[in-house]
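S.K.: Sequence:
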Amino acid sequence: MLYWEDIPLFQAVVSPASYTLTADNIKGFATEWDPFPPHVDEAAAASSPVGSLFAAGVHLLSITIRLSHSILSEDTSSIASRGWEKLRFHRPGVVGDELRVRVVHVERRRSHRPERGILITRFELFNQKGDTLVSFDSQVVMLRRTALDAA
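Under this note's numbering, the first residue of the sequence shown carries the number 1319, and numbering increases by one thereafter.
Think of the hints as simulated: they come from the structure by calculation, not from any bench.
Just so you know, these numbers come straight off a predicted model, no measurement behind them.
Here a beta-carbon is modelled for each residue, glycine too, at the ideal position from N, C-alpha and C.
Some hints here could point you the wrong way.
Cβ-Cβ distance ranges computed for the label pairs, FRET-style [what the hints assert, rightly or not]: (1) ASP1352 to ASP1324: 37 to 43 Å; (2) VAL1376 to PRO1326: 28 to 34 Å; (3) ASP1449 to GLU1403: 20 to 26 Å.
Derived DSBU-like pairs (lysine-lysine); straight-line CA-CA distance at most 30 Å [stated by the list, open to error]: (4) LYS1447 to LYS1345; (5) LYS1404 to LYS1345; (6) LYS1447 to LYS1404.
Could you build the full structure based on these sequences and the hints that come with them?
M.R.: Here it is in structure tokens:
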């Protein structure tokens, strides 16, 4: 079991799994969750500033989270997410993009509860060219080993 103090900082890990955007999966997701015309209609997409079908931002976020789960890790003492900060959509995800995620733990913060700490983790979704499509920082509440040892 990994506790708050055990998590190494600044060691980027890339997902072994990838996800390839296709017209079918872009339109399928968007039809149900974000039916903005350039996500579901190739003619509308062709006349958009992007110029081709592109994935909804929420689709890219879902892919980011799914790919992050392909990164092997030990069980952790994570309790709950406190939310995301610095969410940015840098560029569109288009048909043919092969996506992977890079995860790096960037900061540990103490909590007002001594048995807990907050881990800040940066997520970056990128394509086969190395272009970042989405990035955000996630805050997760974890148990602290030192508090458990003192009990």
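S.K.: Could you tell me which of the numbered hints above are not met by this structure, giving the numbers in increasing order?
M.R.: Structure breaks no hint.
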